[in-house]
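Protein chains: 4
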Amino acid sequence: MIDVQNQHDLRNVEIQKVGVKNIRYPITVLDKANGVQHTVANVNMYVSLPHHFKGTHMSRFIEILNTFKGDITIKNFSNILQEMEKTLKAKSAHLEIEFPYFIEKQAPVTQATGLMEYICRLCGSSNEGAADDFYIGIDVPVTTVCPCSKEISDQGAHNQRGTVTVNVRFKKFIWIEDIIQLVEASSSCDVYSILKRPDEKYVTEKAYEHPMFVEDVVREVAKKLAADPNITSFSVESENFESIHNHSAYAYVEK
Amino acid sequence: MIDVQNQHDLRNVEIQKVGVKNIRYPITVLDKANGVQHTVANVNMYVSLPHHFKGTHMSRFIEILNTFKGDITIKNFSNILQEMEKTLKAKSAHLEIEFPYFIEKQAPVTQATGLMEYICRLCGSSNEGAADDFYIGIDVPVTTVCPCSKEISDQGAHNQRGTVTVNVRFKKFIWIEDIIQLVEASSSCDVYSILKRPDEKYVTEKAYEHPMFVEDVVREVAKKLAADPNITSFSVESENFESIHNHSAYAYVEK
Amino acid sequence: MIDVQNQHDLRNVEIQKVGVKNIRYPITVLDKANGVQHTVANVNMYVSLPHHFKGTHMSRFIEILNTFKGDITIKNFSNILQEMEKTLKAKSAHLEIEFPYFIEKQAPVTQATGLMEYICRLCGSSNEGAADDFYIGIDVPVTTVCPCSKEISDQGAHNQRGTVTVNVRFKKFIWIEDIIQLVEASSSCDVYSILKRPDEKYVTEKAYEHPMFVEDVVREVAKKLAADPNITSFSVESENFESIHNHSAYAYVEK
Amino acid sequence: MIDVQNQHDLRNVEIQKVGVKNIRYPITVLDKANGVQHTVANVNMYVSLPHHFKGTHMSRFIEILNTFKGDITIKNFSNILQEMEKTLKAKSAHLEIEFPYFIEKQAPVTQATGLMEYICRLCGSSNEGAADDFYIGIDVPVTTVCPCSKEISDQGAHNQRGTVTVNVRFKKFIWIEDIIQLVEASSSCDVYSILKRPDEKYVTEKAYEHPMFVEDVVREVAKKLAADPNITSFSVESENFESIHNHSAYAYVEK
Chain A
1 MIDVQNQHDL RNVEIQKVGV KNIRYPITVL DKANGVQHTV ANVNMYVSLP
51 HHFKGTHMSR FIEILNTFKG DITIKNFSNI LQEMEKTLKA KSAHLEIEFP
101 YFIEKQAPVT QATGLMEYIC RLCGSSNEGA ADDFYIGIDV PVTTVCPCSK
151 EISDQGAHNQ RGTVTVNVRF KKFIWIEDII QLVEASSSCD VYSILKRPDE
201 KYVTEKAYEH PMFVEDVVRE VAKKLAADPN ITSFSVESEN FESIHNHSAY
251 AYVEK
Chain B
256 MIDVQNQHDL RNVEIQKVGV KNIRYPITVL DKANGVQHTV ANVNMYVSLP
306 HHFKGTHMSR FIEILNTFKG DITIKNFSNI LQEMEKTLKA KSAHLEIEFP
356 YFIEKQAPVT QATGLMEYIC RLCGSSNEGA ADDFYIGIDV PVTTVCPCSK
406 EISDQGAHNQ RGTVTVNVRF KKFIWIEDII QLVEASSSCD VYSILKRPDE
456 KYVTEKAYEH PMFVEDVVRE VAKKLAADPN ITSFSVESEN FESIHNHSAY
506 AYVEK
Chain C
511 MIDVQNQHDL RNVEIQKVGV KNIRYPITVL DKANGVQHTV ANVNMYVSLP
561 HHFKGTHMSR FIEILNTFKG DITIKNFSNI LQEMEKTLKA KSAHLEIEFP
611 YFIEKQAPVT QATGLMEYIC RLCGSSNEGA ADDFYIGIDV PVTTVCPCSK
661 EISDQGAHNQ RGTVTVNVRF KKFIWIEDII QLVEASSSCD VYSILKRPDE
711 KYVTEKAYEH PMFVEDVVRE VAKKLAADPN ITSFSVESEN FESIHNHSAY
761 AYVEK
Chain D
766 MIDVQNQHDL RNVEIQKVGV KNIRYPITVL DKANGVQHTV ANVNMYVSLP
816 HHFKGTHMSR FIEILNTFKG DITIKNFSNI LQEMEKTLKA KSAHLEIEFP
866 YFIEKQAPVT QATGLMEYIC RLCGSSNEGA ADDFYIGIDV PVTTVCPCSK
916 EISDQGAHNQ RGTVTVNVRF KKFIWIEDII QLVEASSSCD VYSILKRPDE
966 KYVTEKAYEH PMFVEDVVRE VAKKLAADPN ITSFSVESEN FESIHNHSAY
1016 AYVEK
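In order, the protein sequences belong to chains A, B, C and D.
Numbering follows our numbering, in which position 137 of the first sequence is assigned residue number 137; successive positions increment by one, without gaps.
Numbering follows our numbering, in which position 55 of the second sequence is assigned residue number 310; successive positions increment by one, without gaps.
Numbering follows our numbering, in which position 236 of the third sequence is assigned residue number 746; successive positions increment by one, without gaps.
Numbering follows our numbering, in which position 56 of the fourth sequence is assigned residue number 821; successive positions increment by one, without gaps.
For the record, the hints were derived by calculation from the structure and aren't laboratory data.
Mixed in with the good hints, there may be bad ones.
Facing chain B, a subset of chain D residues (Cβ under 7 Å, in silico) [as the list claims (entries may be wrong)]: (1) T804; (2) V805; (3) S958.
Only pairs whose alpha carbons sit at most 25 Å apart, straight line, appear in this in silico DMTMM-like list of lysine to aspartate or glutamate [as the list claims (entries may be wrong)]: (4) D:K971 - B:D258; (5) C:K733 - B:D264; (6) C:K706 - D:E916; (7) A:K69 - C:E614; (8) D:K819 - A:E184.
Residues from chain C that face chain B, not an exhaustive set, calculated with beta carbons under 7 Å [unchecked claim]: (9) M511; (10) I512; (11) K531; (12) N532; (13) H757; (14) Y760; (15) A761; (16) V763.
All residues carry an ideal CB built from backbone N, CA and C; glycine is no exception.
Using the sequences plus the hints, can you model the full thing?
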């Protein structure tokens, strides 16, 4: 059977990324508290394609995913990238994995236990066998109380849910849990899946005592990430789903 | 050229709805303040198909849309439905139109003017030439302050943006603007696109003085709609994007 | 601490559904081939609220979810509903669970193994302790080749991915796998996660030999479901993401 | 009333982008055939914030939008950016506008006229009064027939809808219509909103005669953009919603 993809291409255009996108796949990831965690990922896998080949072999990406049986952790990420380079005969490879990650979290007063979901991303590239780039991305939901609204109002202050998205590059292994903790401590108050009445009193008052703009949130997170010698570069964005508007307030910092 | 759709079908299954979905189309709709308004709609058009026909003729739906040139208002809705029945030789027809609708709205203190967006839906069916059903649906963004959080906390109260969705059936023509006004008056405070500092003080304090659960919101809206003799039936749902959780609080009432 | 939710409400509006929406939760579901399967769900939980109570107790829904520890299967669905009625002191309860479900599937010629994802929904209600309604919903991706395009063209035929959504009510326990198989056998060809070249030749030729409109797909599925004495009622919808248009073709049948 | 945003900040973190996101706004854009076109945009507006200021003034962004009354065209884009720098007292400004754009398009044989929707983006930055960067982005739906499937199969070939996204930077004014035409001519066949039977025969046969991988599509578009001296840089990505899989094939090229 003819291999159409292997035919020569004469247009002289090298392709930076070609592959498969939005593959859904059950995976297990490392979990600080429980060893491993089952979740469901969205996976993108690309390689570079030299100008003289007509196409890549898409089914091989899925075969690689099956080889690793969904064991997609920070620790074996570079192995997967190398396998992609080798199997697809490519100079560079790119892998992007997004998945919901759950952490057991206790309510601040009653200690009632619930599960919080954080959307996480592991993204990496390799170039001729060497890890070229790798970063972790996490979306952390937070509460923010508006400092201006609190200051100018006789009572109350508008507040809302926001999402803080951090992308970090680092030297040594780092736990998703530790990045989340750093971000949650940089908001008016963190968000919980379960709160009984004494907890609700606590988070309401704590948030009211710590009013923060989106600007404050990204600055707090940036200051802490910049102070960590293990973090080599990062970006932080904060989006507030304003309770008094139908649009978002937004801030972005990178280093 | 053979008409495959016109061929006989022997499976004896009548199809309730068949047609085209997610057609994007620029339309003009009636506007209480300015006569008409330009917007962009998402359109679904279906007819019934008797058991003995193999298929419907999909391109004719688009031709009907072009005939009306995007002039899709409450007033000519039944004309479009009748045209669908006639052109597709169908016993019943269904039309669903969703579009963003903009209303100029002044900030409560400074009167600064901004544009608020409301997602609206016009949905109707006809049966053998007679209007069978028609309703208007509107998504209205609102602010809600939690009564429990306010009551139990020394200061502050968690609040958030919410969306109230109403579907109403009625006897005489009704303005989208009037339904929106009724809903906005049934929340802790309405939402604005522009607020200067004196406005922000006003909405913060007003919301704090009118704490409402999702239950309160749907009850207030339901009570008002039930009291209007022009409204023949309705449903109301309220979803709060809780600022202290990563999930929503939700309530639903219909009559 | 005052229980605001327990206060009296004088507006005399009973609420049909009130509760929590879009809770993300890791669950295990029954798996025909492997016993159980880990996945991540989107959960909605509602109860009815009598007219004289101001509000429901939202945190109790999460506690119930934690009690069942994500063990949310068809078999214990009614237990969860009864627990909701009891804990929330409600006359009726509603539970909706949506999750990706994975099935190992072999390519038709080479037997290469891949994982197919199907979005599934378990939805049920109870009324004063009795199961009131329960149905399974599944989205099945399929390929459809257009019969008209094939008939009128000298060669080729436009085809595309489509989604068939079935909702079924039934008497005795039913496997998700069996419903999926019934639907996949009612399309031009089913969809695979991995296909080597001999497989691609097979699916291309099989699909070309079995051209089907959206009308044909819903009729085939409806005919088979109607013939199964275990199925008490159903709806079938088929949406084709037309390759020659930027909108969908759609058909819907219910019984 | 105190101006909280104007207060000093001591954390020494400059913010690259701060502002408002996901503002919905009706706009008019330039239209090659009709002069102007009404549509509805999603708008993001950001400025830089020096390290010593606590916050930016969010309401001023909306005021600027109102000043230009939705007249947001390529031609006055830099005026808006300058107004943002001036009003917000910022060194740099960023503006991103996304909107559906409609073009009347005739079916290839019968000349039946329909409206095609293309999602467009205008994105630009300024730095101390000077235009720093500006590009147009467009999503173009296309049909692709798989060359491998055609080659190895006795008859038929799998095909599907795909989206080609191009981002272009250029020297002189360029029409959206011209970029779209270039992309549509680089696929197996373009996509139409209305096709009568002779048209359907034409597009089926044309597509079958021009099989293209995602790799072919990005190479064709890249070759043509590279040959245009008015285009200074570009990226092209092509995503196929594979009809035989439940995931996408994807290729990306930039220059």
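Status of each hint after checking the structure:
| no. | hint | result |
| --- | --- | --- |
| 1 | T804 | holds (6 Å) |
| 2 | V805 | holds (5 Å) |
| 3 | S958 | holds (6 Å) |
| 4 | D:K971 - B:D258 | holds (21 Å) |
| 5 | C:K733 - B:D264 | holds (13 Å) |
| 6 | C:K706 - D:E916 | holds (14 Å) |
| 7 | A:K69 - C:E614 | holds (12 Å) |
| 8 | D:K819 - A:E184 | holds (20 Å) |
| 9 | M511 | holds (5 Å) |
| 10 | I512 | holds (6 Å) |
| 11 | K531 | holds (4 Å) |
| 12 | N532 | holds (5 Å) |
| 13 | H757 | holds (4 Å) |
| 14 | Y760 | holds (4 Å) |
| 15 | A761 | holds (4 Å) |
| 16 | V763 | holds (5 Å) |
Violated hints for the displayed structure: none, as all numbered hints are satisfied.
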